[in-house]
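Chains as they are written, first to last, in the working numbering: chain A, 1 to 388; chain B, 1001 to 1457.
FYI, nobody ran anything at the bench for these hints, they're computed from the structure. Check before you lean on any hint, since a few could be wrong.
To be verified - Per the computed footprint, the stretches of chain B lying under chain A, defined by three or more beta-carbons under 8 Å from a beta-carbon of chain A, are:
(1) 1260-1271
(2) 1348-1356
(3) 1397-1407
(4) 1436-1443
Said to hold, decoys possible - Here are the simulated distance ranges between beta carbons:
(5) Leu245(A) - Gly1421(B): 32 to 40 Å
(6) Arg1378(B) - Arg236(A): 15 to 23 Å
(7) Arg1378(B) - Ala61(A): 38 to 46 Å
(8) Thr1413(B) - Thr344(A): 13 to 21 Å
(9) Gly1421(B) - Ala141(A): 49 to 57 Å
(10) Arg1312(B) - Leu336(A): 36 to 44 Å
(11) Leu1266(B) - Tyr232(A): 44 to 52 Å
To be verified - Distance condition first, Cα-Cα at most 25 Å in a straight line; then the derived PhoX-like pairs of lysine-lysine:
(12) Lys1022(B) - Lys1163(B)
(13) Lys1306(B) - Lys1022(B)
(14) Lys1408(B) - Lys1447(B)
(15) Lys1048(B) - Lys348(A)
(16) Lys1447(B) - Lys1048(B)
(17) Lys1447(B) - Lys348(A)
Just so you know, these numbers come straight off a predicted model, no measurement behind them. Where a beta carbon is used, it is the ideal one built from N, C-alpha and C, also for glycine.
Chain residues, written in single-letter form:
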Amino acid sequence: MKNKPLHPGAAVEIRSAPHVKAPRSVEQIMRNVVYSLLPICGFFVFQYGISAAFSIVAITASCLATERFFVKTGTQSGSLSDFSATITGILLALTLPPGFPLWMGAVAGFIAIALGKALFGGIGFNVFNPALVGRAFVQAAFPVAIATYTPSFLPGRFGEFIPSSLAWPLMVPADTVAWLHAKQLDALSGATPLAKWKFDGILASAGELLSSMSGHMAVGPSPVLIILCGVYLALRRFMDWRIPLAIVGSAGLTAWILFAIDPHSYPNPFFMLFSGGLILGAVYMATDMATSPVTPGGMWVYGALIGLLTVLIRYYSGLPEGVMYAILLGNAATPLIERITQPTPFGKSGLLSPKRRATYPLHPEYISREEANAVTPKKKSFKPGKKS
Amino acid sequence: MKLLNFLRGETFARGIHPPEHKDTAATAIRRLPYAPRLTVPLSQHIGKTPRPIVSVGQEVVRGQPIARSNDWLSVPHHAPATGVVEAIDLRPSARGPWVESIVIRPHSAATQEDLWGTPRDRDTMDAMTPADILQAIWDTGMVGLGGAAFPTHAKLTVPKQSKVHTLVVNGCECEPYLTCDHRVMVEEADFLVAGIRYAMRATGAVRGIVGVEDNKPDAVTAIRKAIAAAGATDIFVEAVPTKYPQGSEKMLIMSLFGIEIPSGALPVSLGMVMNNVGTLAALGRLLPAGQGLTERVVTIAGPGVKRPGDYRVPLGTPLSFVLDWAGTPAAGPADARQVILGGPMMGQSVTSLDTPVTKGVSGILVFRREDMATSDRRVTYPCIKCGECVESCPMGLNPSTLGMLAAKREYETMGENFHLGDCFECGCCTYVCPSNIPLVQQFRVAKQVLRERAMAQ
């Protein structure tokens, strides 16, 4: 070569555009979801004491161990550092009763990852929310244990396990009713507000539902706390705001219509929204990215479907709670929803007229006025309805 | 910012806001001396390659035509320096393949003033018909200086069946780091206004609208001042929201007129022609002088440059000389680096530092290894279907589904059902993807495969 390079030995690297990248990564999204779950876990432990803490730890550990096993054996992609199995474990623990036997929790965690995630190929490929797959399995396998709630804010809850927690594997858990009886606390009910309404016809009050603080209600974390954490996630765009809004809107609307038709046999929509797991499901379960639609229109349809199904299952089925099955059905419908809600590309909407007020009009008639030194529109004065 | 744009409703939907890094925006344009050898590739624009009209050993004067073609979609080239034609042979190009180039050895102490060309006085300029102006533009060898390098005379020629009423001037410069258009707007606003008037006469447009992103208020002020000084009542300046890719033709027209150019149509179907500010400012200078394009303003920036800034670079200057002048850290195998022509979103990595600066080069960015390290270390996950790409694609496509189809090589489905042809490769989807999936890179491959299949049929 005649002209020698000016930098002998200079090495250039080649990459393909774009050469800059947004800092957001899968790990960052998942880590922030875990952070936002921590206050909710804290409240759960505050409500139920040491049993709840051990339940969360045992189930999460089971999920992580299962994930590790399937990543090591090459069955699924991903790694523990992406935090997705941690989220599955925590969410699964939050949906189970605090006194759920720890070995059953471990089984639920194993099923959640093995059947809910690894079977499909790991992170991103799962069709159903893994936490709900795990919960659906134990709901079918241990129907009594999963319906056994204990009252919250029991005295001495930080020093003593709920006896059912420490059941030996494959053994019948200890009877919590007898345990409560022995503690002279049988005035307190271990039923959830939904079960109370469904089977006894008793409605809980609004304040009790929102805060979960007063009384000894057997409920999960406070909806207000969950909504606050959800707002944090939505503001930082770690979660899509459309899905929770669509679920709450659709469930509220359906419940309100039924309530308007027959106020005596249906509870008010407020009770529908803030009892049970609807808020937790709407904010944390249904928004699982891999199992919800990617298209903005699809998110609305998906959320509306889940909200509707939740109310219908709660009212017309034998179960007191319907969020889990509603979300699993919504997950199953996701590919179909995506198919009918593909976005319209730019320039293919078929509309040539300006869609909104624009700075400059397109039509040449107007230009002739400009040519004749007419007043040109200033953007500030160009308000809709006031044509200059 | 996003919410503000949404409430004001004055721009296109979606898009992204990458960090701007426009650190060189306040520094005046500086001039670069001649390199020991200048390499003018014959093919540096869209269209036919012109033939050399000089021979080896011949002396040329700066501004003298050295290559010419009679084909309409082609432009002549002019000698960037007074000197001797040393060789006409194959030299490396930015795209990789070696292309035929004219190598000129400038005389020592040669002036950077253009010596060739006959100036046109005001009366001559005013008497020119649109056809004369187009011919004069062709003779300057002007191509789109924004990066596409499409011959300007061809772009300004209005097809017989259509009529143009608006000349849209693109001063958005939405790519991070680049400030060359910004500086040109600030420093050469008078030339810009003159160039807009010539282009309006050539096309028959009755108004000219300059769209500038609102992160360059000084450019807007400078152009307003120049318009007032020239007494032009048919030229307007508009600040449009800062958002990538505002500089795309379709997006800017959406921002200004609230209208979507139909898929597959050109702006001329709506009576509009769009040009870059750099192109028109150069025209405003070259047409009255009767000279050809011999230099251009290039942004030299990036974390690997010691003296970043906007430089007026003679065409054909090798990158190694430019980088020496701008002060990059001493090169060795230890600090391998990446040199990009154009902006960081759509620019191209160069394979060799012998590559010359051509008419389409708007920026030279240098990234050191440590600057790329954070993004290089990132793991690629499977798509988690977060929908970020769908919410950033300015064309309203579904990059998530397209990416999954591309991984399965179902290119036909991508083209037929998912509008792959509308993708203009802005790179927003890859930029936002948290799974670090090379989406736009896959789409480029898919489009190329589809193009080749269509040609094979």
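Checked hints:
1. 1260-1271: holds (count 8)
2. 1348-1356: It holds: at least three residues are needed, and the region 1348-1356 of chain B offers 7 whose Cβ sits within less than 8 Å of chain A.
3. 1397-1407: holds (count 4)
4. 1436-1443: holds (count 4)
5. Leu245(A) - Gly1421(B): 32 to 40 Å: Holds, at about 34 Å.
6. Arg1378(B) - Arg236(A): 15 to 23 Å: holds, 20 Å
7. Arg1378(B) - Ala61(A): 38 to 46 Å: With a Cβ separation near 28 Å, Arg1378(B) and Ala61(A) fall outside 38 to 46 Å, so the hint is violated.
8. Thr1413(B) - Thr344(A): 13 to 21 Å: holds, 18 Å
9. Gly1421(B) - Ala141(A): 49 to 57 Å: Holds, since Gly1421(B) and Ala141(A) (Cβ atoms, about 52 Å apart) stay within the stated range.
10. Arg1312(B) - Leu336(A): 36 to 44 Å: violated, 59 Å
11. Leu1266(B) - Tyr232(A): 44 to 52 Å: holds, 46 Å
12. Lys1022(B) - Lys1163(B): Measuring from Cα to Cα gives roughly 38 Å; hence the hint is violated.
13. Lys1306(B) - Lys1022(B): Since the Cα atoms of Lys1306(B) and Lys1022(B) sit roughly 15 Å apart, the hinted pair holds (cutoff 25 Å).
14. Lys1408(B) - Lys1447(B): holds, 15 Å
15. Lys1048(B) - Lys348(A): violated, 33 Å
16. Lys1447(B) - Lys1048(B): Distance ~23 Å between Lys1447(B) and Lys1048(B) Cα, so the pair holds.
17. Lys1447(B) - Lys348(A): holds, 19 Å
Hints 7, 10, 12, 15 from the earlier list are contradicted by this structure; the remaining hints agree with it.
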